[in-house]
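S.K.: Chain by chain, the residues run as shown.
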Amino acid sequence: MELTQTLHVVALAFYALAAALLGVSLARSARRLPAAATACLAGGVAAHGAALAAFTARYGELPLVGLGPSLSVLALLVALGSLLLATLGRTGPLGLVLVPVAAALAAVAEVAGMRPAAQEMAFRGPWFVLHVVLAMAGYAGLTVAFAAGLMYLLQFRQLKGKRFGAVFRFFPPLDTLDRIGRRALMVGLPFLAVSLLLGWAWSERFGFDMQAGNPKVVWGVITLGVFVAALAARAGQGAARAWRGALVSVVGFAVVVAAYVLLRAAESAGAGFL
Amino acid sequence: MPLAVVGASHRTAPIEHRERFALGRAEVPGALLGLAADGAEAVVLSTCNRTEVYLSLPDGSDGVEHARALLAARIGHDATSAARFFYVHRDRQAAEHLFRVAAGLDSMILGEPQIQGQVKEAYAAAREVAGENGPVVGQALHRLFQTAFSIGGRVRSETGLGIGAASVSSAAVHLAKKIFGSLKGHRALVLGAGEMSETTLECLRDEGVRTAIVANRTYDRAAELAERWGGEAIHWEEFAGALPQVDIVICSTAAPHPVLTVERLRGALPHGPRRPLCIIDIAIPRDVEAAVAEQPNVFLYNIDDLQQIVDDNLGRRRAELPQAEAIVGQGVEDFWAWYSGLAVVPTIRALRDRGEQMRQAEMQRALRQLAHLTPEDQLAIDALTRSLVNKVLHAPTARLRDAAGNGRGTGVLDTVRYLFELDRDARGPGDTD
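Line by line, the protein sequences give chains A and B.
Going by my numbering, the first sequence opens with residue 112, and the numbers climb by one from there.
Going by my numbering, the second sequence opens with residue 16, and the numbers climb by one from there.
Worth flagging that the hints you see were computed from the coordinates, not collected in a lab.
Glycine included, C-beta positions come from ideal geometry on N, C-alpha and C.
Be careful, since some hints might not be right.
What the hints assert, rightly or not - In silico DSBU-like pairs for lysine-lysine, Cα to Cα no more than 30 Å straight-line:
| id | chain 1 | residue 1 | chain 2 | residue 2 |
| --- | --- | --- | --- | --- |
| 1 | B | 199 | A | 271 |
| 2 | B | 135 | A | 271 |
| 3 | B | 135 | A | 273 |
| 4 | B | 192 | B | 135 |
| 5 | A | 327 | B | 192 |
Stated by the list, open to error - Pair by pair, the computed Cβ-Cβ distance ranges are:
| id | chain 1 | residue 1 | chain 2 | residue 2 | range |
| --- | --- | --- | --- | --- | --- |
| 6 | A | 143 | B | 142 | 45 to 51 Å |
| 7 | A | 377 | B | 289 | 43 to 49 Å |
| 8 | A | 244 | B | 129 | 49 to 55 Å |
| 9 | B | 222 | A | 143 | 37 to 43 Å |
| 10 | A | 143 | B | 221 | 51 to 57 Å |
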C-alpha cells in the first residue's frame with residue numbers, strides 16, 4: 112500500500128472513530144467524549160492533509176482532477192469545517208452530520224481510486240486550481256448549511272413537541288444553528304459564483320464546449336440556484352423564516368447530490384464529469 | 016490538633032432556624048476571633064442552607080463546645096437543647112464533609128454550583144481576620160480548603176454532576192437558551208408579580224436579559240418588582256401590546272382561567288411573531304391556553320414540562336454520584352496522609368533534637384578526655400557520632416511517618432514519647448485521644 116493510500120485510510124479511520132464518539136455522546140451525554148471526538152477529528156484532518164500532500168509529491172500535481180482526488184479534497188474541507196466549528200465555534204455537535212459526510216466522501220474517494228485523471232495537463236494552471244478549490248469551498252459551505260439545517264429542523268421539532276431527550280440536550284440552540292447555516296451559505300455562495308465564472312472564462316480560453324447541456328454547467332447552475340433559494344428563504348423576518356431556510360438548505364443539498372448522481376449516470380463513460 | 020466541623024444544614028434544621036443560624040458578613044470576623052481565641056484555626060461557612068464552623072483545634076481546646084454555644088445562642092437555646100439541630104464531625108469525617116459540601120454532594124439540589132463559590136468566599140473572609148494569636152487560618156485549614164476547592168473543581172469537570180438545570184427557574188432559562196442561544200440583549204415580559212416570577216426573572220437577568228416589562232393586576236406590585244429588577248411596569252390591560260416587543264414571556268398569575276389566549280396572541284401579533292417567542296407558564300391553573308403552542312414560532316412550556324427537565328437532570332446527576340464520591344474519597348485519603356504526617360513532625364523534631372543533644376554532650380565529654388587529638392581526628396569523631404545517631408533514629412522516624420499514614424499514629428507517638436522521654440510539647444495537630 113503506498114503512502115497516499117495508507118494515510119488516506121488512517122484519516123478515514125479517524126473520521127469513523129470521531130463519528131462513533133459523537134454518536135455515543137448523543138446517546139449517553141458523556142462529558143469527555145465530545146473532546147475526544149474533536150481530537151480524533153483533528154487527527155483525521157492531519158492524516159488527510161498529509162495524504163493529499165503525499166499525492167501531490169507522488170504525481171507532481173494537486174489532487175483536483177478525477178473523482179477520487181476531488182472527493183477527497185471536498186471531504187477534507189468538510190472535515191476541516193467541522194473541526195473549526197468544534198474548536199472555534201464550540202459547536203462540535205454539528206460533527207454528528209458533518210463527520211459522517213466527510214467519512215463517506217473519503218470512503219467513496221478511496222474506492223474510486225486516488226489517482227489523477229488521464230486528462231491533458233496543459234489546462235491545469237493557477238486559474239484552474241483556483242476554480243476547483245473555490246468550487247470545493249462552495250460545496251463544503253453547502254454541506255455545512257445542510258448539517259446546520261438538518262439539526263435545526265430536528266431541534267425545532269424537539270422544542271415544539273416538548274421532547275427533552277438526547278437531541279434536545281446535545282444539539283446546539285436553534286439560533287446558533289440558524290446563524291451557522293446562514294453564514295455557511297453567505298460564505299459559500301460567492302466562492303461558488305466566482306468559481307463558476309472562472310470555469311466559464313477558462314473554458315472560453317481553451318475552447319471547451321460549455322453549452323447549456325454540459326453536465327458541469329447544469330450541476331453548477333443547480334447548485335447556485337440552491338444557494339440562492341436557501342438564502343432567499345431566510346430573507347425577511349417572517350414567523351417561519353429560519354425554519355424555512357433550514358428546510359430549503361436540507362432539500363437543496365439533497366437536490367444537488369441527486370443531480371450529481373443522475374448527471375453522472377446519464378453521462379457517457381469517460382466524459383470526465385468530476 | 017484535631018480537625019472538627021460543627022454545623023446545621025438543611026438536613027438537620029428547619030428553614031426558620033437556618034435563617035437565624037446564618038451569620039451576616041459583618042458578624043463573621045467577630046465570631047472567628049472568638050473561636051480562635053485559644054489558638055484554634057477557624058472558618059465560618061454561612062449560606063441559606065447551612066451554617067458551619069470549621070476548626071483546627073489545639074490540644075485541650077473546647078472549641079467544639081464554643082462553636083455549639085455560638086450557634087445555639089443564635090436561636091435562643093443553650094447548646095444542649097439545640098443539639099438536635101447540629102452535627103459534629105471530627106478529623107477525617109470533618110475533611111470528608113467539607114469536600115462533599117464543596118463538590119455539591121451535600122447540597123439541597125445535588126450538584127448545584129453556587130456552593131463552591133460560597134466556600135471560597137468563606138475561606139477568603141477568614142483569611143483576612145487575625146487576632147492576638149495571629150491569623151485565624153493557619154497551615155491546616157489552608158490545606159483543607161485548598162484541597163476542597165480542587166476536589167470541587169474535579170467533580171465538576173470530570174463528572175456530569177453539574178450538568179443540566181436542576182430547578183424550575185433554571186430549567187426555564189435552559190429552555191430559553193436552547194431557543195435563543197445567548198440571552199444577552201433579549202427582552203422579557205413578566206405576567207404576574209409572584210415569587211416564582213421573580214425567581215425566574217432573576218435567573219434570566221443573570222443570563223443577560225436586560226429589558227423586563229412587568230404586568231400585574233395590581234399595578235403597585237408590578238412597579239415594585241420592576242423597580243427591584245430595573246424593568247418597566249405596565250398596566251395589566253396593556254400587556255398584549257407588549258408582546259411584539261419581547262422574546263420571552265413568563266406567566267405566573269393567580270388567575271383562575273387563561274389570560275393569554277390564541278385570540279389575544281393573534282390580536283397582538285396578526286402575522287405571528289417575527290422572532291421565536293418563548294412562553295414559560297409556571298402558573299397553576301395555567302395562564303396560557305394550550306392551543307397557543309400550535310402558533311408558528313411560539314414555544315410554550317408549562318410547569319410540568321419544566322419539572323420533567325428537572326427530574327431528568329437530577330436522575331442523570333444521581334447516576335454520576337459514584338464517580339464523584341470516588342474523587343472525594345481519594346481527596347480525603349490524600350489530605351489525611353498529609354495531615355497525619357503533619358501530626359508527627361513535632362515528635363520527630365523532638366526526637367532528633369534529643370538525639371543531637373545527647374550526641375553533643377557525649378562528644379564534648381569524650382573530647383575533654385582526648386585532648387591530644389588533632390582537629391582532623393576530632394572532625395572524624397564528630398562525623399562518626401552524627402552518622403551513628405542518624406542511623407539509630409532513621410528506623411523510628413520512618414516508622415512514625417508510616418504509622419501516621421495508616422492511622423496508628425496516636426499509639427505509636429505515645430510510645431515514642433514514653434520511651435525517649437520526650438516533652439509533652441511535642442504533640443502536634445491531629446495527635447489526640
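S.K.: Are the hints correct? Go through all of them and say.
M.R.: To see whether the hints hold, each was checked on the structure:
{"no.": "1", "hint": "B/199 x A/271", "result": "23 Å, holds"}
{"no.": "2", "hint": "B/135 x A/271", "result": "41 Å, violated"}
{"no.": "3", "hint": "B/135 x A/273", "result": "38 Å, violated"}
{"no.": "4", "hint": "B/192 x B/135", "result": "28 Å, holds"}
{"no.": "5", "hint": "A/327 x B/192", "result": "43 Å, violated"}
{"no.": "6", "hint": "A/143 x B/142: 45 to 51 Å", "result": "34 Å, violated"}
{"no.": "7", "hint": "A/377 x B/289: 43 to 49 Å", "result": "44 Å, holds"}
{"no.": "8", "hint": "A/244 x B/129: 49 to 55 Å", "result": "51 Å, holds"}
{"no.": "9", "hint": "B/222 x A/143: 37 to 43 Å", "result": "26 Å, violated"}
{"no.": "10", "hint": "A/143 x B/221: 51 to 57 Å", "result": "27 Å, violated"}
Of the numbered hints given earlier, the model fails hints 2, 3, 5, 6, 9 and 10; all others are met.
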